[in-house]
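Chains L and W, in that order, give the protein sequences.
Per my numbering, the first sequence starts with residue 1, numbered consecutively.
Per my numbering, the second sequence starts with residue 1, numbered consecutively.
Everything labelled a hint here was simulated from the structure, so no lab data went into it.
C-beta: ideal position from N, C-alpha, C; glycine also.
Nothing false has been slipped in among the hints.
Anything over 12 Å on all C-beta distances counts as not near chain L; from chain W, calculated:
(1) ILE89
(2) LEU184
(3) TRP277
(4) ILE324
Beta-carbon label-pair distances, calculated as ranges:
(5) W:VAL83 / L:GLY149: 43 to 53 Å
(6) W:GLY82 / L:ASN131: 33 to 43 Å
(7) W:GLY82 / L:ILE46: 23 to 33 Å
(8) W:GLY82 / L:SER92: 48 to 58 Å
(9) W:HIS150 / L:GLY30: 36 to 46 Å
(10) W:SER276 / L:SER92: 46 to 56 Å
(11) L:ILE46 / W:ARG188: 34 to 44 Å
(12) L:GLY145 / W:ARG188: 52 to 62 Å
(13) L:ASP156 / W:VAL83: 49 to 59 Å
(14) L:GLY149 / W:GLU79: 54 to 64 Å
(15) L:ILE46 / W:HIS55: 41 to 51 Å
(16) L:GLN158 / W:ARG58: 54 to 64 Å
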Amino acid sequence: MASQYGPWGGYPAAPSFGGGQKVGRGRMLGVGGGALAVIVFVITLIAVLVRVVPTPCSRGCGPAGGLQVGTAQVYTNQKWGYSVPYDPSVFSIGGQNADGVTLNSSDGNGSIQFSATSGNNVNGANQTALNALPSSQFQGVQQIGPVRGAEVGLVDGQGTAYSGQYVDSSGISATPIGVVIFSATQNGVTITVTAFSSASNDNADGPYGLSIGQELDFPVTFATWKGQ
Amino acid sequence: MTQQPPDDTNRQLGECPHCGRDVPVGAFCGNCGASLTAPAGGGRLHSYAVSPGEHVARPAIISTLFPHLPQRHANVFREALGVGVLIVILLAALRLYTSALIASAVLLPLLYLLYLYEAEVYEEEPVAVLVATFVTGAALGTGYTLVTQHFAAVALSGNVRGPFITGVVQPVIAQLLMIAGPLLLYARGRFTETLDGLAFGITSALGFTLATVLAGYWHTFTAPLVGEGAVSADVVLRVLRAGILVAIVNACTSGTITAMLWQDRRGRAARRRAGSWRGRNAAIWVAFLTQIALGVISYYIGSLVGLVALWALAAVLLLVWLRILLHHALLDDATDIGVGPTSPCPECHYLVPTMNFCPACGVDRQAAPKQRRAAEGGTGMAPSHG
Ligand SMILES: [Zn+2]
Ligand SMILES: [Zn+2]
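So here's chain L without its partners, still in its complex pose (with noise of 0.2 Å):
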């Protein structure tokens, strides 16, 4: 019924209509463009001037932990023969497969991970390591520098320490964290540990920005490879 008319009905258009239009581009552009500039630059800039410049330091500022040794439990690999010890009002085990075992820290501020692999690649075993953390949940890892003095058990290793940020599973809350990586091999065996927690701004407390770093030093310290 609408043939005689054509596709819109044969309305006349209405003439010189215009206005109404409260927000045209030039509007959209000062008005919009710049609230967008100004409230991104006001919380930069808050956000600048209230950030925590940190001074630098290596592995092992501060005090040692003061863990007596008889208090710990002691986690056994049965495929690698290595034992980890650790204090069960500090850490739970949160998994554990047949190379190794993750352990959380009770207060749920960050996790330490050992897992062993056959060979002597260290490099290969923290690359290996690094891949493995969930691009998820660890984003924006980059390098800080080399862990120095670093060892599991009493035999040196080598590693690597990172910033990033850990972002919850709703991806609306991220937490800045340090993450150190190393491994060390002995008779064929390569250990790699994966330890992070929250970042620390407290460099006497936090080695690498680990603010679990003493409560870490413990299980990897006192880590015994297989025949020692």
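Could you slot chain W with the ligands onto chain L? The hints should help.
For chain W with the ligands alone, coordinates are given in the frame of chain L:
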């Protein structure tokens, strides 16, 4: 009942095969909105009731979340959104990550506030509406983030709190908080249109999301700058997801709930459909289940690229779902108000009789800017006082 517009005396009337009314001839029935030229015109899925040039199942942001904008005005907002996203990417490429994140978080809320102003969705009560929606949403978002952060946990193997808390409980609480403010307006009963409910839900969700991003990332803004700041490829993805994809998803789920609550109160046809696939109950279930599914899957996804793809897919599907609901809600909302005086259609600019739908282009008059409808003397407006 069908008095002729005085300045269009030659206009013929014809019977609409869908509603049976005698309506002015045109491409669309001005009474029920059915297409009179398409073979199966009743549902008119090729022609979205808010923006008739677009298919209903088109994942468009502006014509879905900003329905009161006529095409010409919508283009300005479309350009602004595109330029805004480019600015965010540019800031991230320049390593200004903090600025990029803030810009991405502010972009959609800012555009939406400009939209509320442009279309005068709040009518004569801008302060009350903004306090009940945007300010309440932002305050609840800040509180929600501070509380969840207090119990925050970081761990290598999963999350200390487990998938139930982070994947189910938290998203449900967040979704409830996002619609809390609009429910205050619902209780007052001042605003009665389906698109009012939509705008309030979206505004509240955008305020909530803005606050959670700023509060949730605040201590990363102020954290010490360590490392060499090598450009990491994930920054742009991370920023776009946190600021924009999450905002679109939250706006869609909250807008769906509030739009259907508002439509339901209009009674009549809507209440009969409360239990159907596009009724109020289905809309609420889909919104909450989507938030839960996203929470649980995000908990288990290890890859950032996978996470961004998941949220992008969710945003697209939710936009289409919201459009389908809105389209049918607007067609259902039409009540028999007869043929009003001739006035220019805000969408197509033809001089047409004022009815539920423009007989020329088919746009729903409910989707016109409110001040425009008021200037036309109220004929063709849905009743806005309950
Ligand atoms: Zn009809
Ligand atoms: Zn029109």
